[in-house]
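Residue numbers (our numbering), protein chains in the order written: chain A, -16 to 91; chain B, 25 to 796.
These aren't lab readings, by the way, just hints derived from the structure by calculation.
There may be inaccurate statements among the hints.
[Unchecked claim] Calculated pairs, DSS-like style, for lysine-lysine (alpha carbon to alpha carbon, straight line, at most 30 angstroms): (1) A:Lys80 / A:Lys(-15); (2) B:Lys613 / B:Lys314; (3) A:Lys15 / B:Lys732; (4) B:Lys282 / B:Lys793; (5) B:Lys275 / A:Lys19; (6) A:Lys86 / B:Lys271; (7) A:Lys80 / A:Lys32; (8) B:Lys430 / B:Lys445; (9) A:Lys32 / B:Lys275; (10) B:Lys282 / A:Lys86; (11) B:Lys730 / A:Lys19; (12) A:Lys15 / B:Lys613; (13) B:Lys790 / A:Lys80; (14) A:Lys19 / B:Lys271; (15) A:Lys15 / B:Lys93; (16) B:Lys445 / A:Lys32; (17) B:Lys430 / B:Lys282; (18) B:Lys90 / A:Lys86; (19) A:Lys19 / B:Lys732; (20) B:Lys732 / B:Lys793; (21) B:Lys271 / A:Lys32; (22) B:Lys314 / A:Lys(-15); (23) B:Lys282 / B:Lys732; (24) A:Lys15 / A:Lys(-15); (25) B:Lys790 / B:Lys732; (26) B:Lys90 / A:Lys56; (27) B:Lys282 / A:Lys32; (28) B:Lys275 / A:Lys86; (29) A:Lys32 / B:Lys314; (30) A:Lys32 / B:Lys732; (31) B:Lys790 / B:Lys282; (32) B:Lys271 / A:Lys56; (33) B:Lys730 / A:Lys15; (34) B:Lys275 / A:Lys80; (35) A:Lys(-15) / A:Lys32; (36) B:Lys165 / B:Lys613; (37) A:Lys56 / B:Lys790; (38) B:Lys282 / A:Lys19; (39) B:Lys282 / B:Lys730.
Here the structure is a predicted model, which means the values were calculated and not measured.
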Amino acid sequence: MKNAILVNYEYCTGCHTCEVACQKHLGLEPGKYGIKLTQIGPDQISERKWQYEFVPVPTDRCNLCAERAEAGKLPMCVQHCQAGCMELGPVAELAAKMGDGGKYALFA
Amino acid sequence: MTAENIGQNASLGMSGGSRVVPMQADPAASGRVDTWQEGEFTVVRGNARTAPGCHDNCGILMYIDKDGKLDHVEGDPEDPYNQGRLCLRCLTLPDVVYHEDRQLHPMKRDRADRGKDKWERITWEEAYEIIEREIRAVQEKYGSHAIQVFCGTGRDIVGYHPMLANILDTPNQGMGFLSGQGCYVPRMFCTTMKMGSLYTGDYSQNWIDRYDNPNWVRPDYVLVWGNNPVVANSDGTLGHWIVECMKRGTKLITIDPKLTWCAAHSEYWLQVRPGTDSALALALGHVIVKEDLYDHEFVECWTYGFDQYAENVEEWTPARVAGICDIDEDLIWAAACAIGNADGWALQWGVALDHTAEGFYSGASCYDLVALTGQFDKPGGMVCGMPAFGLPVTWIGSDTDWIPTKRDDHPHIHGDYPALKMIGMPSPDATLDALCGEYDYPVKACILQTNNCLSNMGAQPERIAEGLMNDDFNLVIDLWMTPTAMACADVFLPVTTFPERFGLTGHQPYRTGAINKAIERVGECRSDPQIVTELGRIFKGEDVFPWGEGDAWDEEGFYGYLLRNTGFTWDDLKARTWAYPEMKYYRYKTGEIRDDGQPGFNTPSGRYEFYSLILAQMGMRPLAFYEEPPESPVSRPDLAEEYPLVLTTGARQWGFFHSEGRQIPHLRAIHPEPEVTINPADAARYGISDGDWVRIENQYGSCVQKAKLDIRLKQGVVSADHGWWFPERGREDGFFGTFESNINNCVPMRPGSTGLGNSYKSVLCKIYKVER
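Modelling step: build the complete structure from the supplied sequences, incorporating the hints.
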């Protein structure tokens, strides 16, 4: 089954490491991305509840680090994600992890 | 410990002891190798430390191509410290190692040409001849104490500079020109006075199997106070360890004027006015005492001065403090009850606590909460941070007894500040005054090793430049031609990055390990410790420093010597890459903390001291207190009429380490310009739009930065970047334009009453739009 990337974005801190890990691996100049952070908020939802979150989104340059996968390694972004909130796996397996109340985005 | 024997160069709670410490079981160590082949690359396993600068020691795999060049790096998935992850700074490491701006050769410049781009390449031999001649001239003319030894933060030099001070017979060694020694030193002084040891939050980092260890429990709460841990990674704490704890159920309470990521993900966020932290800590203590939420057993058996503490916090009611901090009163109650009722909670404190005038007491007031709730040495609370395997050179170097010295024959430049007198540290504030002829003490030669004070931490940097450009001799040792080197150096020595050298890890107490050499040195660079030992050979002789010379330096022999009391040989440690000492909780109960083997803590009473006997004896205030910052809307309403905004500085940015990273394209692209953050409501009041260039100004000076409008910041406060210089500009163009956007123009060189603390995070200012 086709692999995908699952982001548990409740824990993404917006550190840009995925972007740079990918840029260095693919030889991309600054401004070109294989994965790009997006930002939600800051939005004051209620008096004491804020949404200020990030979601990294793979671009069309991403091939899920196919050659690393052949060598038994994780994609650069997944391995170096500082929050450990990204996961590579078959789509159905990752989809099954969603729905536990956490905040997920699945990129397939 | 008594006041008398804290003495010269006190180790600030980091005493190592001399016993051989057993290792934690590491089943994988026997099969671990530090070099192997992977396709076309040779892979070298090591620890990422330093240069460039960092407060951590992440496990790193360095991929070397067939020509011996560093091709790329990855995190080491087997390393418990970072578990395969490297942040963006390490991932751009090859761009640092091979950067065209990196300085690769020793250079000299005529003293008359300071500030000018009139450098001449010289040999190491000639460089050392000049250094010896100039230093000896200063020693003979003024005395050795006229030499100042300054380092920066986060580099593998902090442990070696006490050696250099011994070598040069000077008592004056510290962080150069950081007003009030205000980076962790105030908090460490506090821990030394109150309990004699340093403690850090228990995020499982002491355990080799980390979050899976059965003895570890996650903290119920982490109190993130004046710190943005996921960005800062300060003082040997990888901020994302806290995120891992959150996944396992830890909740956050964040105290910060800005909605950081942690604040947005906190159960309670207390958006305090900068500089009021101490008042809040006293109010939290007030609630915990009044509501009887304190740990009676710990307080009764293991603390001293609780009655005075309880009396001291009586007046700091939540109602009163809510007004001082400008937060809702119920949040104080809620936060206090949360930590009071928690089984385990960790204090994740940051440099914001140091960066107020009475910063030492801010730290003390927070620390008291840890004692009040009995969190010391408790799983999921705070864990004792003594140097791993008793290897003090990993952090605060106290392995200097083998170097004969006359450093203690001279008075150090303490500026008459009581805390600095006690711990034997120079006052950066008095040092600057002396350089400028306003304090009677000779400051005639400065050694600035990994210290870019003009761009980064030096308050009133133009005054520092003036002082440094008028002394007798300056030696700058760094990776780059920094603004500081351009302004003042007579001799410049180039240092290696960490893939070019061997060494020992440091800056954290959880483990020790080897810095592993992966590539040949670029150009003629030498490591920071090598330069120190070579100066040792020159000034103290080859018998004292018998580790070769020049390119024949016996690097591995030197580190083997430093390991002599640990039970490791250099080869053992290099092959293992890391080793964790045995970990235990509740060591104060079993006599494993005090040097005399008695239960308790390293204080005169043997207990945690709410009321510090040493401070009382030394004439300082023995109990924590709150005092308004010297310049605040409350203390100086007259000044606030002209400068209505509170200025806080130095918030950490992804990709940069203080003044480092500006010349690395992928890092600079994330944060290309110096930014000052302002709430849109304030910006509207001053006619400022997002992206406008603005001047930030107060009675001390001004600078220009780009306005970033953000509702995350408290109204009435602006938060300005630090550390900016523009490597892309000319060397003579205002030393890479470093004064132009330097927020330290607006910060006074002025400590608090103890000599520690400063005002980097609490002065007043106005801002207005400028054309650029």
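Note to self: Between the alpha carbons of Lys271 of chain B and Lys56 of chain A, is the straight-line distance 30 angstroms or under?
What the structure shows: 24 angstroms, holds
Check: Taking 30 angstroms as the top limit, are the C-alpha atoms of Lys314 of chain B and Lys(-15) of chain A close enough?
Finding: 60 angstroms, violated
Next item on the list: Measure nothing beyond the straight line between the CA atoms of Lys90 of chain B and Lys86 of chain A; if it is 30 angstroms or shorter, mark the hint as holding.
Entry: 45 angstroms, violated
Note to self: Run the distance test for Lys32 of chain A versus Lys314 of chain B: straight-line Cα separation, threshold 30 angstroms.
What the structure shows: It holds: about 29 angstroms lies between the C-alpha atoms, which stays within 30 angstroms.
Note to self: Check whether the Cα positions of Lys730 of chain B and Lys15 of chain A lie no farther apart than 30 angstroms.
What the structure shows: 24 angstroms, holds
Check: Within 30 angstroms, alpha carbon to alpha carbon, are Lys165 of chain B and Lys613 of chain B?
Finding: The given pair, whose Cα atoms are some 54 angstroms apart, is violated under the 30 angstroms limit.
Check: CA of Lys19 of chain A to CA of Lys732 of chain B, is that 30 angstroms or under?
Finding: 21 angstroms, holds
Margin query: Hinted pair, alpha-carbon criterion (30 angstroms max): Lys275 of chain B, Lys19 of chain A. Please report holds or violated.
Written below: With a Cα-Cα distance of about 28 angstroms, the restraint between Lys275 of chain B and Lys19 of chain A holds, given a limit of 30 angstroms.
Next item on the list: For the pair supplied as a hint, Lys790 of chain B and Lys282 of chain B, confirm whether the alpha-carbon distance does not exceed 30 angstroms.
Entry: Given that 30 angstroms is the threshold and the Cα spacing comes to 19 angstroms, the pair holds.
Checklist line | 30 angstroms limit on alpha-carbon distance, applied to hinted pair Lys430 of chain B and Lys282 of chain B | finding: Violated - the C-alpha atoms of Lys282 of chain B and Lys430 of chain B are around 48 angstroms apart, more than 30 angstroms.
Item checked: Pairwise hint evaluation, Lys19 of chain A against Lys730 of chain B, where the allowed Cα distance is 30 angstroms at most -> Distance of about 24 angstroms is within 30 angstroms: holds.
Next item on the list: Compare the distance between the alpha carbons of Lys271 of chain B and Lys32 of chain A with 30 angstroms, and conclude whether the hinted pair is satisfied.
Entry: It holds: about 19 angstroms lies between the C-alpha atoms, which stays within 30 angstroms.
Taken one by one, the earlier hints fail for this structure at numbers 12, 13, 16, 17, 18, 22, 35, 36, 37, listed in ascending order.
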